[in-house]
Amino acid sequence: MRSSHILGAVLGLPLLWLAPAAQADIAVIVHAANPVQQLTSRQVAELYLGRSRTFTSGQYAQVVDQGIDDPVRSRFFKDISGMSIGQVTAFWSRLKFTGQVQPPQNLDGDSAVLEFVRRNPGAIGYVSATTLADARVKTVLVLRE
Amino acid sequence: MAEAPTQFRAHLKHKLAIRVTLGVFLFALVAGALNAWFVFNRQYSAARTLQDQLAATVRSSAAVAAFVKNEEIARDVVTGLMSHPMVAEARITADNGSTIYKSSRAQSEGAVEGTTVRYSLGSPVNATEVIGQLEIGLDEGYINAMALDSAIRQLVVLALQIGISALLLIVLFDFVVARPLNKVARRVEAVTPGSGERLEVPRGHADDEIGSLVHRSNLLLDTVQRTLQEERELRAKVEAMEEHYRRIFETTNVGIMVLDQHGSLINSNPALLSRIVGIRIDGMQEADSSKFIDTIFVEPAVVWSLIAKATASNRSTSEDCQLRTADGSERWVHCIISVVVGQKDQIELIEGVLYDVTDRKAAEDRARRHADHDALTGLRNRRGMEFFLDRSLRHAAEDGEELGVMLIDLDGFKAVNDTYGHEAGDQVLVGVAHRMLARVRRSSDLVARQGGDEFVVVATHCGPGDQALQELAADLVRALREPFPIAGGEIVQIGASIGIARYPTHGQTRHGLMAAADAAMYEAKRAGKNRYALAEPEKPIAG
Numbered sequence: 279m280r281s282s283h284i285l286g287a288v289l290g291l292p293l294l295w296l297a298p299a300a301q302a303d304i305a306v307i308v309h310a311a312n313p314v315q316q317l318t319s320r321q322v323a324e325l326y327l328g329r330s331r332t333f334t335s336g337q338y339a340q341v342v343d344q345g346i347d348d349p350v351r352s353r354f355f356k357d358i359s360g361m362s363i364g365q366v367t368a369f370w371s372r373l374k375f376t377g378q379v380q381p382p383q384n385l386d387g388d389s390a391v392l393e394f395v396r397r398n399p400g401a402i403g404y405v406s407a408t409t410l411a412d413a414r415v416k417t418v419l420v421l422r423e
Numbered sequence: 049m050a051e052a053p054t055q056f057r058a059h060l061k062h063k064l065a066i067r068v069t070l071g072v073f074l075f076a077l078v079a080g081a082l083n084a085w086f087v088f089n090r091q092y093s094a095a096r097t098l099q100d101q102l103a104a105t106v107r108s109s110a111a112v113a114a115f116v117k118n119e120e121i122a123r124d125v126v127t128g129l130m131s132h133p134m135v136a137e138a139r140i141t142a143d144n145g146s147t148i149y150k151s152s153r154a155q156s157e158g159a160v161e162g163t164t165v166r167y168s169l170g171s172p173v174n175a176t177e178v179i180g181q182l183e184i185g186l187d188e189g190y191i192n193a194m195a196l197d198s199a200i201r202q203l204v205v206l207a208l209q210i211g212i213s214a215l216l217l218i219v220l221f222d223f224v225v226a227r228p229l230n231k232v233a234r235r236v237e238a239v240t241p242g243s244g245e246r247l248e249v250p251r252g253h254a255d256d257e258i259g260s261l262v263h264r265s266n267l268l269l270d271t272v273q274r275t276l277q278e279e280r281e282l283r284a285k286v287e288a289m290e291e292h293y294r295r296i297f298e299t300t301n302v303g304i305m306v307l308d309q310h311g312s313l314i315n316s317n318p319a320l321l322s323r324i325v326g327i328r329i330d331g332m333q334e335a336d337s338s339k340f341i342d343t344i345f346v347e348p349a350v351v352w353s354l355i356a357k358a359t360a361s362n363r364s365t366s367e368d369c370q371l372r373t374a375d376g377s378e379r380w381v382h383c384i385i386s387v388v389v390g391q392k393d394q395i396e397l398i399e400g401v402l403y404d405v406t407d408r409k410a411a412e413d414r415a416r417r418h419a420d421h422d423a424l425t426g427l428r429n430r431r432g433m434e435f436f437l438d439r440s441l442r443h444a445a446e447d448g449e450e451l452g453v454m455l456i457d458l459d460g461f462k463a464v465n466d467t468y469g470h471e472a473g474d475q476v477l478v479g480v481a482h483r484m485l486a487r488v489r490r491s492s493d494l495v496a497r498q499g500g501d502e503f504v505v506v507a508t509h510c511g512p513g514d515q516a517l518q519e520l521a522a523d524l525v526r527a528l529r530e531p532f533p534i535a536g537g538e539i540v541q542i543g544a545s546i547g548i549a550r551y552p553t554h555g556q557t558r559h560g561l562m563a564a565a566d567a568a569m570y571e572a573k574r575a576g577k578n579r580y581a582l583a584e585p586e587k588p589i590a591g
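Residue numbers (this note's numbering), protein chains in the order written: chain A, 279 to 423; chain B, 49 to 591.
Chain A with its partners taken away, still in its complex shape (with noise of 0.2 Å):
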């Protein structure tokens, strides 16, 4: 895992250098194989605050967010659900202190995010649209710039 970071850290920085002169676009992806098409932002703000647990298959859904403080995640939260950081910060925090539910596993970059995606069925991620080149995710959503 560890390794992966580095590498993560590795690849990511010179994108991330280029993203801040035009924002790119987000894309939420799932795995190429879930039969899920389309998602709305509304869709995918329950799986992101852990209202839905599953797709609309029934398929058990692996939510994976981005790095703590990435700007990416800022956007993405108030594009889909109109939250800030600290807002969802302080939600979690309070879904989490009854040790039921979990937030959102955190992945530094979109290359951890893809990856993840990329190797779990059920799972569902965030990437800056301008990073993705890959036939074994499906972008279900884009939020428009």
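What the hints contain is simulated information worked out from the structure, not anything from laboratory work.
There could be a bad hint or two in this list.
What the hints assert, rightly or not - Here are the simulated distance ranges between beta carbons:
no. : chain 1 : residue 1 : chain 2 : residue 2 : range
1   : A       : N384      : B       : A193      : 47 to 57 Å
2   : A       : N384      : B       : E119      : 18 to 28 Å
3   : B       : A104      : A       : V420      : 31 to 41 Å
4   : B       : T105      : A       : V420      : 33 to 43 Å
5   : B       : D143      : A       : N384      : 25 to 35 Å
6   : A       : P399      : B       : N144      : 23 to 33 Å
7   : B       : T176      : A       : D412      : 14 to 24 Å
8   : A       : Q337      : B       : A104      : 33 to 43 Å
9   : A       : P399      : B       : E119      : 22 to 32 Å
10  : A       : Q383      : B       : D143      : 25 to 35 Å
11  : A       : T376      : B       : H132      : 18 to 28 Å
Note that this is a predicted model, so its numbers are computed, not measured.
We put the beta carbon where it would ideally sit given N, CA and C, even for glycine.
Fit chain B to the given chain A structure using the hints.
Same frame as chain A, but now just chain B:
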């Protein structure tokens, strides 16, 4: 008398206490009811507010619980809500209506219905989207108990406040009003009416009602003193005057009597009874007192007519009246009668003033006797005879009776007078008078000495054709023919010629009768003396 002020003060205080207590009680009743109503309203309104506040407090947590349908969070929220004693029930439901978590107090299950409020839970993602409900029900019993507790607490405070105020009022009243009043009352009691004593104004009350009361009481005392002083002086004057009059009343020789309309004695002075009437007051019996006039006067009718005259004329009337005396002696009083007439013209009082005129009356009687009687023989003289005859004629005319007059002239008297002297003549005249009186026995008849040796007999109540007159005349002639012994052992003889006239046969008047009798007497003389002659019948005589 001595306890009265204490009673008064206690009374006033108690009165105030009772009224204040009653007032406080009524006020507390009304205020308590109003207050309870307010308290209940406020309590319920406060409960609603609290309900909303509680909901607002847990809303976001509840929303999260509903959003993720998390029972743990829901329980946490509900348990938190239930920790407030006012909350009877709390429930969080999801958007599909299923209950995520619910809790309620068993004992207040039924009381929740009306107070339950549903709060919509908005989605954390989109606040306008309802993703569940939060229901909070309140415990009415608890609210009521709280309200009641609050109401009672406030009522107690209110009652305490009023009670203390009332107590303070009563105590103050006692000190400020009752005690000074009581003090004044005691001083008023201590003051002797009419003395120079005056009330003091209790300290600190100079300018209030109590001061005014004292001031006015003092003015009243001034007036009382003045009035009493005047009355005392007046009474002294009246007493002096009374004493004066009493002394007059008691020491005067004039008898004073006050009688009622029936002639009963009401009052009299000592002179009347002891000196004038001659009886002692303690010896007088009730009956004597009640018929005083009838008891003391010989002729009560005279006094009653005086009273009647005085009543009619409304003036004093007076008359000499003879008093009845124990020893039969004559006693005369001059009696002045005044009558006090009441409003309905009835006699209220009879006042009589009596003074002894016995001596004067005796002198008068002597004078009258002297005028009417012959000093030598004691018989009536001409004047007395004429007075008697006039009266007898009036009576005879009124009663339709007859009356006889005899004119008696002595025969041979002048010779006795010339031979034996005047004293012998006088002795014969006295003897003639005695013999005539001895034969003219009827009290209604009269023997009089006309003058010189002429005598007159008036015989009343003579029947018509009565022989009694002639018999009497014959008897007189006989009697006077008898010899008279005179001083010096001598015996003289005289005679009498008598003329008889009758009323109304021989004359209607005294003059007529006397003239007829005179003519008859001369007839007897002419016929030879020592005889009697009747007047000429049916001979009208003028005068």
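Going through the hints against the structure:
Distance hint for N384(A) and A193(B): a CB-CB separation of about 53 Å, consistent with the stated range 47 to 57 Å. Take N384(A) and E119(B): their Cβ atoms lie about 26 Å apart, and the range 18 to 28 Å holds. Judged by the Cβ atoms, the range 31 to 41 Å given for A104(B) and V420(A) holds: they are separated by roughly 38 Å. Here the CB-CB span from T105(B) to V420(A) is close to 40 Å, well matched to the stated 33 to 43 Å.
Our hint of 25 to 35 Å for D143(B) and N384(A) holds, since their Cβ atoms are close to 29 Å apart. Between P399(A) and N144(B) the beta carbons are some 29 Å apart, a value that agrees with the proposed interval 23 to 33 Å. For T176(B) and D412(A), the hinted distance range of 14 to 24 Å is not satisfied, since their beta carbons lie about 37 Å from each other. Separation of Q337(A) from A104(B) is about 39 Å and conforms to the stated range, judged on CB atoms against 33 to 43 Å.
In this structure the hint that P399(A) and E119(B) lie 22 to 32 Å apart at CB holds, the actual value being about 30 Å. In this structure the hint that Q383(A) and D143(B) lie 25 to 35 Å apart at CB holds, the actual value being about 28 Å. In this structure the hint that T376(A) and H132(B) lie 18 to 28 Å apart at CB holds, the actual value being about 22 Å.
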